[in-house]
Structure formats: C-alpha cells, structure tokens
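Enquirer: Below, each chain spelled out in residue letters.
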Amino acid sequence: MTSEELGTGGAPEWNPEWASWAAAAREEFPRAQSALMPFLHRVQTDEGWLRPEALDAAAHYLELPRQYVESVVSFYSLFRTEVTGHRTIHVCMSLSCALAGSDALLHNLEEALGVRVGQTTPDGAYTLLEAECLAACDLAPACQVNLRYVGPVPPERFQTLLEEEVSTREDA
Amino acid sequence: MVVDAAATVGIDIPVYCYHQALGPLGACRICLVEIEKMPKLMTACTTAATDGMVVHTQSQAAEKGRRGILEFLLINHPLDCPICDKGGECFLQDYVFQYGAGQARFEEAKIQRHKEYPVSPYILVDQERCVLCQRCVRFMGEYVGEEELLMDGRGVHTVITNVPGIPLTSPFSGNVIDLCPVGALLSEPYHYRARPWNIEREDTYCSQCPVGCSSSVTGRDGQVVRLEGRPTPGQWGWLCDHGRFTYDFGAHPTRLTEARLDGEPVTVGRAAQVLGQRLAAVVREHGPDAVAVLTGGSHTVEDHYALRRFADEVLGGSRAGLVKPVEADLPLALLGTFAELDQSDTVLLLGTDPYESAPVVHLALRENVRRRGLVVKALGDRHLLRDTLAGEEWVVEPGGMAAALAAATAGVSEHPDARLAAEGLAPADESLVRLGQALMEPGALTVLWDGREQDLAPALVALARARGEHPTRVLPTFGPRNWLAAARVGIPTDYETSRRILMDAADGRIQVLLLWGADPVRDFPDGDLAARALERCPEVYFGGVFPPDGAELLAGVLPTAAWAEEAGTYVNMEGRLQTGRGAASAPGQARPTRNILQAVARAYGTPLRKLDEWDPYEGTVDDRLVLPPLEGSVRPVSPPPAAESGFRLISGLEVALTHDPSEVAARTKEDRPARMHPADLADLGLLTGSGPVELSSGDRSFRVGVRGDPRIPRGRVFVPRGLRGVPINRLGGIAVAVRAVEEVASR
Amino acid sequence: MLEALKGIASGMKTTLSMLKEPRDTYPYPEKRRELAPRYRGKHMLAVDEDGHELCVGCGLCEAVCPAHAIRVVAAGAEGDRTVSWTERYAVDYEVDLIRCIFCGMCEEACPTNAVRLTPFNELAAYDRRDMIAKKDELLAPPVRR
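Residue numbers (this note's numbering), protein chains in the order written: chain A, 1 to 172; chain B, 1001 to 1747; chain C, 2001 to 2145.
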C-alpha cells in the first residue's frame, strides 16, 4: 500500500500507539535510519515479536523503504519475526557452557517442552532458542529468560528455567 | 581507482562488486593486488591510483590472495554450471578457471537456499549461486533510487531477495540480470533457453524508443531469445525493461507474415507485382501526385532511402511524409546529444517525463543529479518530477506550455524574437519570471521535449536566439523510434506535409496511398482525418510488421522484416546513426523492405539501380546527422485555451504502453493506461483507486481503464497517445466528460 | 579343347586350395564380429535407477562436437514433473548419425555421464531422415542381436 492509500492512521491491524512510538523515536533520533531500531525494540517488547504489519508500519511512519526495514530486521538475530511465547529461553551454546553441559540442558528442555530448538510451545508459553556466547562464562551453563541472565543451570535443573519467577514481558 | 588505471593499459584485474557507475565498495575482495610499500594486499577497486604507485597484479602474494578469496566464494556455491544459464558467460567460472585452485578443500555440506526464487515476473534469484557482491542491491537502491532488492540476514546466511509480496516493479530492474557477475540473478524468459555456444549474439540497438540504447541481441534457431545491455564508451549499457523484454515482438501472433490482396493471402511476389502494375497505371493516368507515401518511422535508414528513391525515381516525384504521434516539429538545428546533456548547466523537461517516454534518459538525468548536483527544471501540464528525480517544476494549464515558455523567455529577455513570440500573451508573473531566469542562465541548456503543442517550436527557437551564444539543445523524446531516418534521407518529417497528404487522400485527390510502417489512425494527432483518408482513398497499401488500425480498409498488405531480422541502420534521438546486426530470420514471407520495393519497382517497369551501394554514414559527422543552421522567423505563440469547467484531457508518450506487442513484456503490461488524481477517482465513486471510465467529448466517447496517480493535477485525465484501442486522437477537444462505468465482464 | 580344360583345372586348383585356408569374411548377419569392449557406436542417453534422465540439457556435447552433429534444446521442469534428476532437462536431443564421426568427445564432455556411446554399430536406413536419432530413440539403448 502506498502512503497515500494508508493516510496517517494506518491499516486496521496496526496498533494505534505505534504512530506515537515512532514519533518518540524520531524525536530522539532525527535520522530515520537511527530511529528504526528503538521503534522496533519497543514494538517487540510489547508484542514479543515483529509482525509483518509492524514492519509495514515502521516503513510508513519513519518514511523508510520497506526493503530497508526488512533488511535491518533480518540482520539482527534478536529481532524475532516468528510468533514468540511469553517466556523466551536462550541457552548459551558456546564453549564454556558447552563444556558445562548446555547440550544436555537444551536436550532436557526440548524433552520437557515437547518442542525443538527455535520453536514455540503450542500454548504460546515458551520459546526455546540457542544463543551464541552470552559473555557469562562464570555462570556456565548460562541461560537467559526474557533476556535476563539465569545461571548456572546444571542440565538436571532445567525445571528452574521454566518455573523461576522472572519478569515476564507483561511486567516489563 | 587502481582497477580502472590497470584497464587503461590493458591489464585485467578481476572484479565482482566494483562497477564504475556504482563506485567503489570493496565487498567481494577478488581484486586483491600487491602494492609496494603497503603492508598487506589491497583491493584494487577501493584504492585510488596515485603517482609513483607500483602495483603487482600477478605476484605470488596477489595470486595466493585471489585463490583464497575464490575458495571462500566457492564454499557454498553449488556445482550447478551444467544447468546454470550463466554457464559459459560467468565471471565466477572464468576467474576460478583462471586464478582458482583446482581442488576444493571444503568437505562439509553446503548451505541450501532458494533456487529459482522469483523476485519479479522477469527475474529469478538463485541464492546459492550468489557471491554477495551487492551490485544489484546498490544499483536498485542508489543508482535507480527504487530500493526493491535487499540483503536479508547476516554473515553466511545473507541472501539477496525482495520483501515477500512486494515484487520488483521498477522499469530498470532487468539491468540487475546484466549486472550480476555470476548466475544468481537470471532472466525468467531466457531461463534454460540457450547456452552461449549455440546462440548468435550480435551488437544492436534497442528498437523500442528513440534513445536507441546499445544492446546485444541473442538469437537461437532463427528466433530472438534475449536482449542485453551492452556498455559502449560513454554509456553504461542500461536498458529499461520495456525495451529489454519486448525482444520477442517479431514472433508475436499478430505479426504480419503473409502478403494479402483484398484480404486474400497471396505470395509477396504476386502482391508486389500487382502493386507495381497498379501504381504504373495510376501514375500514367493521373500523374505522380495521385500517389503518396507515408512512413511510420520504424524501418531502417536503408529502407527509408529505398522508399525515398522509390517515390522520386519510380513514381516520378510523389510526395512522401512521416506519421508521428505528435503535432509539433522539432527545429532540427537544435538537436542535442547525450554528451551535451551530461554537461548541461540547466536541464528542462518540457511536457515529458523521461521515466515514461525515454526511461534510460531518466537514469542519465539522475546520475547527473547525483554526481554534480544538477537541478532539473520541469514545465508541463502535469507533475513531471518524481521521488527519484527532484528539481523545480512549473505546472501550467493544459495546452499552456508554449505560452508559458514564451512568456517566461520574454519576461527576462529583450531579444526581439522573444518579444515577438510572446506577442499578445499575458506578461510573465513572478513564478514564470523565475522560470525565465533559470532558462536564461549562462552555460549550456538542454531541453527534453515530447513534441506536443505546435507553438512550442517557435517558443524554443525564440529561447535559443534569446540565449545567444550560450548553447540551447533539444532532445526529442517522442517516437517513432527511427523518425530521424526520414530526415536523413530527405523525407519531410513535419506535421504539415503528412497532414496535407492525408487531407488530399480524404478529398479523393490521391488514388494510391502507400503506408510503410505507418499507422495514421492510431498515431496521427488528427485521428479523424487519418480515418477519413483511409476510407476515401481508393487504394491503400501497407508494408510493415504489425497491421495498422483500419486494416480492413487496406487494398494490400506486404509483410516486411523487423528489427533483428536484418542488419540495418537506425538514427536515435541525438541524430546519431547506429547500425545493428541481425540475429534471427524473418518469419513466413516477411522480407526486407528494400527487396519488396525493388520487386514493386520492377513490376512498375523502372527498377531501382545501385540501391545497395548507398552508405548511410556518408556525409555524417561523428556518425551524426549534419544539422541545418537555425533559420526562419519566429511567429507569435497563441494564447493558452481558456480554462473550462469539467475534466480536461492531457496526454503524453509512454514506452511501457506503446512498445511493440510482445508476449514476454505482456506480463507486466498495465491494463489501466489512463491516470487521474486519486481524489478525483474517489469523487467518481472509484474508491478502489482504479477502474474503467468512459471519456467523452461532443458525440465521441471511448472507454479506458484508469488508475490513481497523485502526480496528475486535479481536474485532468492523462491518457497516453498511440495506444491500440484508446483513440485519444479522435476525441476532438481537451474538455472531456468522465464517467465511471461498470467493469466489462470479459476483462 | 585339352588346353582349355587344363586352364580350368589350374584355375580351380587355386580356388579349391583356398577352401581349406582360414576365412577372413564373416557370414553376416548369421555370425557377427566380436567388437572391442570400448568400441564407439551409436549414442544412448542414460537414466538413473529412479528412471530420471541423467541429461540436464547443458549442451556441452553440442559445443564440443567437431562435426556439429548434436542439437540440444533444454527447458525447466514444470511443476513436480521432473524428467531429469534436476530442474533442467533436455526437451529435444538429436544426434545426426550421418554427420557423427564417433569420436566420443560428447561422452567425454558430459558432466553427468548421460551421453554414452554404445558398441551398437548397425546403422543403416532407407531414408536420411531416419538417421537423425531423436531423444526417444536414444533413451532406449539399441541392442545388438
């Protein structure tokens, strides 16, 4: 859709708040390219992932080519473009954590959740992801739950990751 | 850059990412060279050559570096060469063969990605074969300014793709196929069609608009299967998709392949014989004035020469004229060149949007804007500038361009011709004075003009004289493709000559009218006159490639060979002669015009002698037509038509719609050729932003699909000229009524 | 008369003496010569065990053929219908067996080992046109009876 067809309000499936968030990001970073990331982060914090509509909206409000937005989103691995659960669990797979048993930890989590790595449980509660080095070797095997560090988590104590009280997205 | 410096002395340094038009990037690293006093290997495409620099391109270190880079590039490259369209003309193949290691050391599984992924109806991406040089992404994003391709992902997972659901629509997207140094971006119509060794690839020039882009035509088994851009000194070799993908028009089902007499198929020889005998009888009885020849300006210079001599020597001095879709005549003395455009201090778009009428000129303008900050001026009856070509524009009332230009010139110049041209016009207001000042700036001025409004010719002459010694050049963006060939051989190209011929035909003073590639009912600005001429003239014969409008009125049809079916010379909008070679064979009975005319001349009893000894280049300077001096008096420009209520019709030329019929290019052909402001469409009740409308003026009306375009001012309807089934030239006045109509069921 | 008979006898003696010599000719077609195992005769196009053609229509054989005896026209597989083992295949594959010099360079150039020269050498036809082997014919390798 061209911007003329969209007008200022946007398409129906767009969050009405997005316009103001984009304006706020633009306030902080006058260059549209720079304002893109803060806007996308805010949308992702809100919804957990970036719907295609959100990318349309980013291109529209920040007056950037849609292709540019797509390119940026695909570049950063922490931008999610698939449905994400309420708790996103990252398990570090790099050297120290691997030596400390992160393979087994991931395996146990897969068994417990019934999904493979990269997938989300059907009830939308958990998303299980691999991470490259989290720079927390002292916590090996290190994990993140909604980007908050948890560790060390020995493989057999995987349950703590699922139950531990961490700030969920709703609280943030 | 070192690469360019090396090329000037004949040393080839391999490159993928570097392209002179796009500038240095240094992404692919294949151009590594050893430069003395620099500690490491340097990329030759990002290092500026300096005095005293010593560069080794063949040293051990440089070769090792290249070999290493090639090994990296091949890690995830599939062993696809036998099924790859680029196989045999691929820079990866060539460089690996020349510089690469013989054996791969990478034993892991290769990453699998999309193959044959369509990013547009014409372009496939094979992401596995890509070397990520970014030429395509940068060409689309930076050079064309339509960022339609993107790099998705990061690191080894990066791929070239489009946004899902948003295919490439730019008319320049086809160039990425030529730009791709490997087999990643492929032409869908050429996919699996041929290989470099079983084709005929010949130098030619695009046949679809008067820009005449240098290109290579590929023929296989007698058919044209591909057209590619061909860089020449001073030109990058870009093509627009309208030209690139119209290559198959010679094989279109509507193509004329057999001769006809009174609707009955006959052999070409028989038809030529009958025509020759008829012409002989008519000339004997009524004299040569009872026969007239109209050319459509699509045949070659050699063909036009034969036509001219046929009229002069065989018929004994019959009149000849040119049918073109615009009413104005370009003062040939002002004809400019692309080189002059690149050096102009001011460029004026006069009624024409080159993106539509001469797309590759749009790219040239954009490059000038980017490279040296050229500010384009535009004067038109609609918005002529666009997002990718910024500038300053003046939008005037329909039919008011000539008056505005004359008034603007007279507003700042005391030159008597400028005064004379503006006689009786309202004096220039503040905005027009600003235009006048911009046009009177010292330095060179180039005007791009699409030939509408007859009075623009005197206004341009007045402007040129008022500017005095500062050069004023005009590049005509109107077709037909080869109309200047008529000028080359001395066939009058002015509107008045062809109008008189058609008037005489309509009045019954012409017994035989010979149309050579001309389609007056469709193209001639006065379509009613042309239709009357075809109806009243006792015998109309047609020679050409596609049947004209009103084909049922023709006494005879002779099929001629088309572009790429024979070698021939064309003249582009600069007046430059360009000889293209053939790579296909003419289908059916189609034959070169020269052969047909010779057969007619023999039947007439006066064979043409030494037809093939003529050299089109004889007497040209730098392969360009010799221009006449600027002479003649300037006449006052008539005032613009009074503003009326209701919609007003404006027009222009659009290659995307008026190119030859093509099955390949039909994939993206717009079926809503007319355009209106979206708000006007909404007022008509066309809330979806497009739909069919009925345009009427007086008792004339026709239906046409219309779409929204905010660049059309409110209260105006833009309809391109020269479209089949859209008889805008028969509508009379410029005041039209517009009515939304129901969608026709069959569409 | 006697002289004449003597002449005949002398001639017949030579003829009859040859009867016990070893023969150089073969009673073709009842008995056929044993050919070398790598004898180059008529072409065939191979298929893999799934029945997919090995030929991908790359045209390298066409390029390398010194006699210009081969013509290849390729196309892309439509939908799921795969003719060859990959997405490209040869729609037309023709070998002009009159032009062919059986040098075997096509076999050597073939990147997929699809073109092979069989030892089949019984090439004869009443019409020249029958000597142009089409793709169907090449896919069914000739058998020497």
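Just so you know, these hints were derived from the structure itself, not from any lab.
Small disclaimer: the values here were computed from a predicted structure and weren't measured.
Glycine residues also receive a C-beta, built at the ideal position from the N, C-alpha and C atoms.
Keep in mind that the hints are not guaranteed to be accurate.
Unchecked claim - What follows is a list of derived Cβ distance ranges for each label pair:
#, chain 1, residue 1, chain 2, residue 2, range
1, A, Glu82, B, Lys1669, 23 to 29 Å
2, B, Ala1007, C, Glu2108, 49 to 55 Å
3, A, Pro16, B, Lys1669, 38 to 44 Å
4, C, Asp2096, B, Lys1669, 39 to 45 Å
Enquirer: Now tell me, hint by hint, if it's right for this structure.
Expert: Tested hints:
1. Distance hint check for Glu82 of chain A and Lys1669 of chain B: the Cβ-Cβ separation is about 37 Å, which falls outside the suggested range of 23 to 29 Å.
2. Taken as a hint, the range 49 to 55 Å is violated for the pair Ala1007 of chain B and Glu2108 of chain C, whose Cβ atoms sit roughly 37 Å apart.
3. Checked against the hint of 38 to 44 Å, the pair Pro16 of chain A and Lys1669 of chain B passes, with Cβ atoms roughly 40 Å apart.
4. The supplied range of 39 to 45 Å is met by Asp2096 of chain C and Lys1669 of chain B, whose beta-carbon atoms lie about 41 Å from each other.
Violated hints, listed in ascending order, are 1, 2; each of the other numbered hints is respected by the structure.
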